[in-house]
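**Q** Use the sequences and the hints to build the structure in full.
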Amino acid sequence: MRPLDAIGFALTSLGSNRVRTALMLLAMSIGVAAVVLLTGIGNGARLYIVDQFSSLGTNLVIVIPGRTETASNTAATLIGETPRDLTLNDARALERGDMVRRMAPLNIGELNVKRRGKERQVPVLGSTAALLEIHHLHLERGTFLPEEDMEIARPVCVLGAKVYRELFGQENALGEMVKLGGFRCRVIGILATEGRSLGFDTEELVVVPVAFAQMLLNTSGLFRILVEAKDLGGLDRLKKHIATTIAKRHYGEEDVTIITQDSVLATFDKIFKVLTFTVAGIAGISLVVAGILIMNVMLMAVAQRTAEIGLCKALGAGQLQIMALLVTEALLLSTIGGLLGLLLGFAGSWAAVQVYPTLQTTPPLWAIVAAMGTALLTGFISSLLPARRAARLDPIQALARH
Amino acid sequence: MIELREVSRIFTVGGQEVRAMDKVSLTINPGEYLSIMGPSGSGKSTLLNTLGLLDTPNSGTYLLDGQNVTSLSDTQLAATRSRKIGFIFQFFHLIPRLTAQQNIEMPLLLAGTPRKERMERSSRLIEAFGLGDRRHHRPDELSGGQRQRVAIARAVINEPAVLLADEPTGNLDRTAGAEIIELVENLNKNGLTLVVVTHDPEIGERARRHVRVVDGRIASDTLRG
Numbered sequence: 000m001r002p003l004d005a006i007g008f009a010l011t012s013l014g015s016n017r018v019r020t021a022l023m024l025l026a027m028s029i030g031v032a033a034v035v036l037l038t039g040i041g042n043g044a045r046l047y048i049v050d051q052f053s054s055l056g057t058n059l060v061i062v063i064p065g066r067t068e069t070a071s072n073t074a075a076t077l078i079g080e081t082p083r084d085l086t087l088n089d090a091r092a093l094e095r096g097d098m099v100r101r102m103a104p105l106n107i108g109e110l111n112v113k114r115r116g117k118e119r120q121v122p123v124l125g126s127t128a129a130l131l132e133i134h135h136l137h138l139e140r141g142t143f144l145p146e147e148d149m150e151i152a153r154p155v156c157v158l159g160a161k162v163y164r165e166l167f168g169q170e171n172a173l174g175e176m177v178k179l180g181g182f183r184c185r186v187i188g189i190l191a192t193e194g195r196s197l198g199f200d201t202e203e204l205v206v207v208p209v210a211f212a213q214m215l216l217n218t219s220g221l222f223r224i225l226v227e228a229k230d231l232g233g234l235d236r237l238k239k240h241i242a243t244t245i246a247k248r249h250y251g252e253e254d255v256t257i258i259t260q261d262s263v264l265a266t267f268d269k270i271f272k273v274l275t276f277t278v279a280g281i282a283g284i285s286l287v288v289a290g291i292l293i294m295n296v297m298l299m300a301v302a303q304r305t306a307e308i309g310l311c312k313a314l315g316a317g318q319l320q321i322m323a324l325l326v327t328e329a330l331l332l333s334t335i336g337g338l339l340g341l342l343l344g345f346a347g348s349w350a351a352v353q354v355y356p357t358l359q360t361t362p363p364l365w366a367i368v369a370a371m372g373t374a375l376l377t378g379f380i381s382s383l384l385p386a387r388r389a390a391r392l393d394p395i396q397a398l399a400r401h
Numbered sequence: 026m027i028e029l030r031e032v033s034r035i036f037t038v039g040g041q042e043v044r045a046m047d048k049v050s051l052t053i054n055p056g057e058y059l060s061i062m063g064p065s066g067s068g069k070s071t072l073l074n075t076l077g078l079l080d081t082p083n084s085g086t087y088l089l090d091g092q093n094v095t096s097l098s099d100t101q102l103a104a105t106r107s108r109k110i111g112f113i114f115q116f117f118h119l120i121p122r123l124t125a126q127q128n129i130e131m132p133l134l135l136a137g138t139p140r141k142e143r144m145e146r147s148s149r150l151i152e153a154f155g156l157g158d159r160r161h162h163r164p165d166e167l168s169g170g171q172r173q174r175v176a177i178a179r180a181v182i183n184e185p186a187v188l189l190a191d192e193p194t195g196n197l198d199r200t201a202g203a204e205i206i207e208l209v210e211n212l213n214k215n216g217l218t219l220v221v222v223t224h225d226p227e228i229g230e231r232a233r234r235h236v237r238v239v240d241g242r243i244a245s246d247t248l249r250g
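Taken in sequence, the protein lines are chains A and B. Mapped onto my numbering, the consecutive letters of the first sequence carry residue numbers 0 to 401. Mapped onto my numbering, the consecutive letters of the second sequence carry residue numbers 26 to 250.
There could be a bad hint or two in this list.
What the hints assert, rightly or not - Restricting the straight-line Cα-Cα distance to at most 25 Å, the calculated cross-link-like pairs of lysine to aspartate or glutamate (DMTMM-like) are:
hint, chain 1, residue 1, chain 2, residue 2
1, A, LYS272, A, ASP254
2, B, LYS141, A, ASP393
3, A, LYS117, A, GLU132
4, B, LYS48, A, ASP393
5, A, LYS113, A, GLU203
6, A, LYS161, A, GLU150
Since the hints were made in silico from the structure, they are not lab data. Since the structure is predicted, the reported quantities are computational estimates derived from the model, not experimental observations.
**A** Here it is in structure tokens:
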């Protein structure tokens with residue numbers, strides 16, 4: 000039998016029971032659509048996170064007080080003592096390495112900002128002039144933090160675009176005073192509208208000199224120290240430099256955690272890949288269920304078409320040919336169902352992008368291939384048993400039935 | 026030419042052996058018109074199925090055109106069935122979702138004949154069998170006689186050596202039955218070997234050679250007149 004004729008014959012068989020065929024196609028297409036859509040969303044989330052981190056620059060090293068590996072089971076944490084703070088002096092010491100291009104200490108807190116009776120709660124970043132470059136921020140107007148010693152608590156601030164709009168409307172803000180956590184400070188610059196960066200909406204930020212932030216937040220410690228390496232190759236040496244410098248200053252204890260963007264990126268990348276595989280796997284189960292449905296329905300079809308199968312044998316079909324006919328039918332179902340599923344899945348991801356544009360839910364190629372592959376494979380495997388049963392039918396008994 | 030030599034077929038039903046064919050020897054020459062008759066359960070259907078390569082004997086030899094077919098594989102048997110044997114049945118066994126023409130083409134389809142040739146050959150038979158205006162109808166739109174004519178066309182489209190008919194008129198009224206018998210007899214006159222299994226003495230008597238089967242054995246084998 001020619002392949003095209005086999006397909007044609009299988010099509011007439013599928014067409015002769017439309018409801019049954021439609022239900023099997025539905026099951027198959029839902030399975031494939033689920034795989035495509037869920038992996039698309041998982042992949043979108045991964046790309047989103049990776050993109051967020053990349054915007055920070057990958058040759059950045061972040062120093063965090065405390066060792067994350069040991070933080071949960073030391074005596075210090077049990078009695079409620081936090082690890083030793085990072086200080087401005089630590090930051091200054093780190094800046095002296097020869098691999099360091101830029102360094103910015105960082106403090107974060109939430110404070111009230113007030114002007115002429117308008118008031119709102121904003122996240123306040125305390126840092127230095129270097130933050131502008133390190134964090135890839137852009138100024139709309141005015142200047143960023145002054146290039147001066149970081150110990151100077153100069154009462155100036157740079158407003159995020161939204162904070163500016165809400166406090167000043169269309170008015171000029173440069174040189175004006177606002178009240179930040181009860182202290183007066185002068186507005187020297189306004190950040191450009193830029194969206195989000197590492198979880199902070201830069202439109203809603205207020206940036207102040209780090210010493211001023213320490214005063215406002217009443218702390219002598221730092222939240223982070225950001226160090227940018229001169230080049231990617233020097234990253235490991237830089238990490239070593241930071242570890243030894245801090246150990247020297249902290250009486251021999253390496254009580255900081257040093258993370259690079261690369262490692263953070265790699266971790267998130269890994270987490271989201273695993274997550275995507277997991278949802279793909281769960282969606283894959285629905286494909287297997289669809290396969291079982293196909294097997295069940297084909298077994299019924301074989302029982303119903305006993306006479307026809309017997310007849311085909313009498314007309315010169317061998318066992319292999321009978322099997323091939325039934326497998327063709329199942330593969331046809333899986334192919335059509337799979338293609339419908341892809342269509343459905345892509346429509347779903349398109350709809351998701353319309354609703355939530357930042358999430359680029361393009362399903363990865365491997366997911367499409369895997370979904371179609373699983374559909375075809377389950378179709379094939381689940382048709383083998385019915386096909387074998389059909390092939391082994393005794394033609395005489397099959398034909399004796401009326 | 027068909028030659029059975031001491032062919033036995035034994036079924037085991039509920040632990041008991043049933044000898045459906047007990048050392049049957051039978052020779053059928055090309056162009057013969059032969060009827061197989063006998064009571065129910067006598068083994069005449071088994072004999073027909075064996076002749077048609079649908080059933081394999083437990084012992085004995087079956088030579089079809091000089092070839093021993095008892096040792097053929099399933100695929101070889103199927104190929105031999107396809108080339109040399111045509112079947113018609115009491116219940117026609119047409120595929121309900123296919124048109125008359127598609128049903129007639131089934132053996133060619135299974136044999137892998139190209140579409141154009143299938144169309145030509147089936148069209149010729151459709152005209153010859155007076156089914157011209159019925160070719161695109163499905164079986165449920167055909168009368169019993171028309172259905173059996175479609176079945177006969179299907180059986181002979183591959184130009185087999187022998188046509189095996191299992192109660193071909195059993196499901197037809199007298200007129201339609203007579204038409205069908207005339208049709209197959211005409212085919213026989215043109216050289217096709219014809220074997221008819223029937224209960225109906227009136228049909229059976231028309232053959233030139235009568236074989237009676239009783240309890241799995243050939244009880245009599247006589248030529249008419």
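**Q** Within 25 Å, alpha carbon to alpha carbon, are LYS161(A) and GLU150(A)?
**A** 29 Å, violated
**Q** Straight-line Cα separation of LYS141(B) and ASP393(A) no greater than 25 Å?
**A** Since the Cα atoms of LYS141(B) and ASP393(A) sit roughly 33 Å apart, the hinted pair is violated (cutoff 25 Å).
**Q** Straight-line Cα separation of LYS117(A) and GLU132(A) no greater than 25 Å?
**A** 31 Å, violated
**Q** For a C-alpha distance cap of 25 Å, please report whether LYS113(A) and GLU203(A) respect it.
**A** 14 Å, holds
**Q** Within a Cα-Cα threshold of 25 Å, do LYS272(A) and ASP254(A) meet the stated pairing?
**A** It is violated: about 31 Å lies between the C-alpha atoms, which goes past 25 Å.
**Q** Mind checking the alpha carbons of LYS48(B) and ASP393(A) for me, to see if they're no more than 25 Å apart?
**A** 23 Å, holds
Comparing the model with each numbered hint stated earlier shows that hints 1, 2, 3 and 6 do not hold.
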